[in-house]
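Number of protein chains: 2
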Amino acid sequence: MPGRGGDERTETQPSSRNKRAEIVAVATEYFGDNGYEDTKWADVAAAVGLGPTALYHYFESKQQCLFEILVEAVEDARAEFLRSGQGEFAAVFPAVVRRSFERSDREARRARVLVAEQGLVRHPRRAPREEDARLRAFALLKEYEAGWRDLLAAGMEEGAIPAVDPDLLSRAVIGTYNSVWRWYRPDGRLGLDEVADFFVPRLLALAGLPE
Amino acid sequence: MPGRGGDERTETQPSSRNKRAEIVAVATEYFGDNGYEDTKWADVAAAVGLGPTALYHYFESKQQCLFEILVEAVEDARAEFLRSGQGEFAAVFPAVVRRSFERSDREARRARVLVAEQGLVRHPRRAPREEDARLRAFALLKEYEAGWRDLLAAGMEEGAIPAVDPDLLSRAVIGTYNSVWRWYRPDGRLGLDEVADFFVPRLLALAGLPE
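From first to last, the protein sequence lines stand for chains A and B.
Residue numbers for the first sequence follow the working numbering, beginning at 239 and rising by one.
Residue numbers for the second sequence follow the working numbering, beginning at 239 and rising by one.
Fair warning: there could be bad hints in the mix.
Chain copies aren't distinguished; within one or between two, either way the pair holds.
To be verified - Keeping only pairs whose Cα atoms sit at most 25 Å apart, straight-line, the calculated SDA-like set for lysine to any residue is:
#1 Lys-278 with Arg-423
#2 Lys-380 with Arg-367
#3 Lys-380 with Gly-429
#4 Lys-380 with Pro-424
#5 Lys-278 with Ser-299
#6 Lys-380 with Gly-273
#7 Lys-300 with Gln-356
#8 Lys-278 with Ala-346
#9 Lys-278 with Arg-337
#10 Lys-278 with Asp-388
#11 Lys-380 with Gly-426
#12 Lys-300 with Glu-326
#13 Lys-300 with Ser-322
#14 Lys-380 with Phe-436
#15 Lys-380 with Leu-428
#16 Lys-300 with Asn-272
Hint data in this document are derived by calculation from the structure and do not stem from the laboratory.
Only a predicted model underlies this, so the values are computations on that prediction, with no experimental measurement involved.
Construct all of the structure, not just a fragment, from the sequences and the given hints.
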């Protein structure tokens, strides 16, 4: 997706934004298909027709690019979460859960990369742009997890679901949800609707929402 | 844990086996604490007092060592699974699930590494010993997943749990279970008993076992 501005990124010219988006798309595909570690940054450069110096203008490194992918993925998830609006837990929570399975093939691949590589946000980097991207990804992930925890805690306060440790419950919900992206493939045997039909009611049950 | 023999590994002299075990223990600790990618193989060598040539005798590379750690972790899990014995699903499944949370601090750290890095088993390696270890880890992981799937399918056949897609159900159970190791720390706020008390009944409910 095109860059969202901010002086950290490129000048906001359409061709720069498009090029950045192209790099992100190719990197996401390669990281998803081959794994982040086995993807050669040089192959990404070649695929978008950029030499190392030109590529450096957009991303200092493969790792910075990964962190930026994570930032965008989590920003989108957060925005979707916030769009579910206010209201009773028993209405809001199922809507949020259902919506979290509405993913295009590209978004599913990006979710795969996020789930596979999110552990990398925990470890400080030396290179400044990498470290800046890592910190943003790390902070956003924490906010994302807190969002689920706060929603579940609100449900408990409402009496909509049994009161349990909200840390444990949010980890269980997020953990079960995230695990789907490790194996789900857009070209696989099961369509995402089928997967959602299976997981959504079970995630609601996990939270303790009566059927 | 000490090497289990087989010509792939070192001569079966106690000091070799102990050294190999020491390398595995240090590597597991570093991979768990710093992440596999950020761990320098040279630091592992230094910590066990071996130069690169001597270390190469045990492990061709950091990656081969990781795959061997995965092999041992999954072999232990499989052995534990098989020890749960035959019998009615309603007795066997809860026992297996409960036992899967009985982990020493070292085993918890190893599980963390397994869950964080298991994606790496999907991608072929060039170096022969690495590739051999990868294939073993990959095959064992497939067997491990099949074990859960077969157990759940047997439960469905018994009528002990509702019949659903056993692939989806085993993925849900394994995914929820595995997610614990991403965040659980032996020195964290929550003890493993507390974590088990939360997750075990929810895993049973996920499978559809009546309370």
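Comparing the hints with the structure gives:
1. Lys-278 with Arg-423: within (22 Å within a copy, 33 Å between copies)
2. Lys-380 with Arg-367: The answer is within: 20 Å in one copy meets 25 Å, while 39 Å across copies does not.
3. Lys-380 with Gly-429: between (30 Å within a copy, 22 Å between copies)
4. Lys-380 with Pro-424: between (28 Å within a copy, 21 Å between copies)
5. Lys-278 with Ser-299: For Lys-278 and Ser-299, the Cα distance is within 25 Å both inside one copy (11 Å) and across copies (19 Å).
6. Lys-380 with Gly-273: both (24 Å within a copy, 19 Å between copies)
7. Lys-300 with Gln-356: both (14 Å within a copy, 21 Å between copies)
8. Lys-278 with Ala-346: So Lys-278 and Ala-346 pass the 25 Å test inside one copy only (22 Å; across, 32 Å).
9. Lys-278 with Arg-337: Answer is neither; intra-copy 34 Å and inter-copy 41 Å both fail.
10. Lys-278 with Asp-388: Intra 39 Å, inter 38 Å, cutoff 25 Å: neither.
11. Lys-380 with Gly-426: Between copies only: 17 Å across chains, 31 Å inside a chain, cut-off 25 Å.
12. Lys-300 with Glu-326: Intra 43 Å, inter 51 Å, cutoff 25 Å: neither.
13. Lys-300 with Ser-322: neither (34 Å within a copy, 45 Å between copies)
14. Lys-380 with Phe-436: between (27 Å within a copy, 22 Å between copies)
15. Lys-380 with Leu-428: Only across copies: Lys-380 and Leu-428 sit 19 Å apart there, 31 Å inside one copy, limit 25 Å.
16. Lys-300 with Asn-272: both (14 Å within a copy, 19 Å between copies)
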